[in-house]
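Listed in order, the protein sequences are those of chains A and B.
For the first sequence, the tail end lands on 377 under the numbering used here, and the numbers increase by one without skipping.
For the second sequence, the tail end lands on 767 under the numbering used here, and the numbers increase by one without skipping.
Keeping only pairs whose Cα atoms sit at most 25 Å apart, straight-line, the calculated DSS-like set for lysine-lysine is: (1) B:Lys385 with B:Lys416; (2) A:Lys371 with B:Lys629; (3) B:Lys445 with B:Lys544; (4) B:Lys728 with A:Lys371; (5) B:Lys629 with A:Lys302; (6) A:Lys340 with B:Lys728.
Between beta-carbon pairs, the in silico distance windows are: (7) B:Asp753 with A:Ala375: 25 to 31 Å; (8) A:Lys208 with B:Glu594: 20 to 26 Å; (9) A:Arg224 with B:Lys379: 46 to 52 Å; (10) A:Gly336 with B:Lys728: 20 to 26 Å; (11) A:Lys328 with B:Gly433: 47 to 53 Å.
It is worth saying that the hints were derived from the structure and are not from the lab.
Here a beta-carbon is modelled for each residue, glycine too, at the ideal position from N, C-alpha and C.
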Amino acid sequence: MNAYFDNSATTAPCCEAVNAVSDAMTRCWGNPSSLHRAGNLANELLENSRKDIANRLSCAPEEIFFTSGGTEGNNLAVIGAAHQMRRMGRRIVSTSVEHSSIDDTLNKLEADGFEVIKLKVDNYGRINEKDLYAAVNSNTILITMMLVNNEVGSIMPIQAAKRAAMMARSPALIHCDAVQAFGKMPLKPASLGVDLMTISSHKIHGPKGVGALYIRKGVKIKPRTFGGEQEKKIRPGTEAMPAIAGFAAAARALPDPARELEHITMLRDYMVAKLIEIPDVVINSPPDALPYVTNISVLGIKSEPMLNFLSEKGIFVSSGSACSKGKKSHVLLQMGLDRKRLDSPIRISFSRYTTVQEIDALILGIAEAKKVIRAAK
Amino acid sequence: MKEIILIKNGELALKGLNRRTFEDMLVKNMRRRLDSAGKFKFTVAQSTIVAEPEEGADIDEAVARIEKVFGIAAFSRAAAVEKDMEVILKSAEEYLAPQLLSVRSFKVEAKRSDKKFPLNSPEICRETGGYLLRKFPHLVVDVHNPDMVVTVEIRDTHAYIHGKQIKGAGGMPTGSAGRAAVLISGGIDSPVAAYMMAKRGLELIAIHFASPPYTSERAEQKVHSLLKQVSKYSGRITLFVVPFTEIQELIKDNCPEDIFTVIMRRMMMRVAQIIAQKENSGALITGESVGQVASQTMPAIACTDAVCEMPVFRPLIGMDKDEVVAISRKIETFDISILPYEDCCTVFTPKHPKTRPTIDYVEECEKALEVDRLVDEAVKNTRFVLINAY
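The shape of chain A in the complex, shown without the other chains (with noise of 0.2 Å):
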C-alpha cells in the first residue's frame, strides 16, 4: 500500500478529471477560437469550464482567466498589478513567507525601483494584523498576501488587506495566493475583499499545466505575454482545452469544502495526538493552520534520511516546498524555529483520499525511523 501525504505539492488526478481530459483530446479537439463547428464545440467547452470555476469561486465567469498555473497566475497578477498602478504609488506589502513565485516576483520589482515590505511572522508562521495596518499608507498600490501557507498551514488574515488600504485610504489592489486554499474551505473572493486571486487545478485533482487567476469586475491590470485576443488579451496564447477541461471537471467534483473541513481536521487531530506521542516529535504548524498541512520536525532526523527511510516503505511527505527542492524552508527560518527544528522538518499534507490506514502506516513508519535512523549533532 502506498500512503500519499504529500498533497500540497500535488493530488491525485480524479477520474472525472482524466475523463474530461481524455474527452476533450479526443472528441472536442478543436480550437476555440475557430468559427467552424468544431471551434465552436470547443469554445462551448471552454466556456463551460469558466463557470464552473466561476461557481467554486461564487464569481462571474468572465472574471476567471485561464494561466497556466499557480506560478503565472502569481506572476501575472503581481507584476500586472504593480505595472497598472505605477503611477499611484510604489510600496508593495508583502508578508516573508509567500511561495517562491511570489517572493522572487517581489524581489525583481524591487530592483525595478518599488518598495517591497516583506512583513514578518510570529513563531507559527503567522502575521500581526497591527503591523499590516501599519506597512500599508496611502503610497501603496498592492497588497499580496498567501491564503494558507503551503509549508505549515497557517492562515493570513487576508480579509483585513482591503480595511488597511481603505483605512490608508490607498488605492491598492488585493491579491491572494489562494493555491493551498481552493477547494479545501470555503472561498469567496468578493467577500474577502480581494481583486485578485490565484488558483491552481494540480492542488485540487485536475491535471497539471493549468490553474486560473480571478479579476475582480472593473479592475485592470497590464498582462506579462502578447498575441491573440485569448482570455481578453490577460493571456494570450490558444487555450490548453485538455487541461482545463480536467480543471472544471475537477472544480466540479469537489465535495462541499465546510463538511469536508470537519472530516479532515477529525483525522489531523488524530495523527497530531498520535504523533506527539513519539519522542523528539514538535508539531511546528499553529493550532489554528489549515489541517490539510501538518509540519513536524523530528529533533535529530534529518529531513532527507527520513524522507528516503519512509519512501522505501512507500509513505511519501515533503521537506517542504516542493518548488524550492531540497534548500532549507526560508518559511521556517522566518519563524525563527532553532537549528535542530530546521534541520529536520516534515510536511504531512491531506486531500480528501487520506484515509485513517495510511496515517497509521505513517506513524508506525516515522516511530520505526526513530529507532533504526541515527540521529544527527
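Starting from the known structure of chain A, fit chain B onto it as the hints suggest.
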C-alpha cells in the same frame, strides 16, 4: 566535394617509437566515441588522422564529440576534392565562403606530399590567394598576422582544403596511461579530478558510496549524470556503488565524533583499493584540495593515505575552489553538482572535527570496528553500472 575531419595529434608526435601504439589508441577511442553518430572511416598518415564520414553519418555531431576526445591538439573540418587546380579553387571559394566572409585578412599555406602534382607549394599559394582575393574583394593578404589561414594540402588521393582550426581537448589518449579508480561523491570536486586524470590518458572506473536512507536514490542518479558528462571526455566509465550505511552507522555508534570523517575516509580507501585492484586499476583518484575541509588537512590526508598501498592521485590538491569551479563549468558538471541532495560525505558531519589527527589516535579509535569484515562485506555487496554518454 566531400567534407571530412582532419585530426592533428598533440603531444603524441613526441612519443618516438611508441607513436604507433598511441595513434592506434586514439583512433580506437574516436571510433568508439563516434559509433552512435554514424559510420566513419579512419586513415592515418604523417601524424594526421583523417575521419571520413560514410553515408548518413552526422559530421556536426562528430565534430562536437571529437572536441572532447583527449590526445588531440587541434583538428579541422576540410573539403576533400579532386587533385585539379581548377576544382581546388572553385571548392575553396564555395567551402570557405562562410568563414572568409567573417574575416578581413588571410593567408594561404600549401603542403604538397604528392610531388607529382604539377604546381609546387609556393605556386599553389599564389594561385589560391590570387583567386580568393578576386572573389572576395573585402579581403587583404596578411602573411604575418592573418585573421585566418587557408590551407591546401595535396595528398595521395585527394586535395584537402581547410580554414580555421578547432582546438582539441589536448592531453593524452584515454587508456594510454592505464586505468585508475575515481572516488566520486556528487560534489563539485570529484568530477573535475576525474576529468583531469582522464586528460592525462587514464581510463576511468568510478566508485561511489551510498548510504540509504541517509542518502537518496536521487543522490545516486546525480552521480550517474555527473559521470555521464565526464564520459563525454573520458569514454565509458564503469561505476561501482558500494553500500556504506552499516559502516557509517557503526563509526557513529563506536568512534569519537571528532574523528568520524577521517575514519570514514580510511574505510572508503580500503574498500576502493580492493575494487580498484580487482578491476586492474593502478591508482585511486580523489578531488581533495589541501585545507578545503577538516578531512583535507595535511595530517588528515596522511591518516587517510596510511591505509593505501596504491598511489592516490589528487589533481586538485593545490587549487582554489574558484579554479575548480571554473573547470567544472567548462566541462558542464557544475550545474549537476550543486543539486542539493545529501551525499555520503555530509551524513553525520561532526561539529568540531579534528584537523590534526594522528595515526596513533585514529588507529586506536578504529579498534572498535571490525574493519576487515566490514570492508569485505561492502566489497561483496557492491553493484556496478555502465555509464556512457553516447
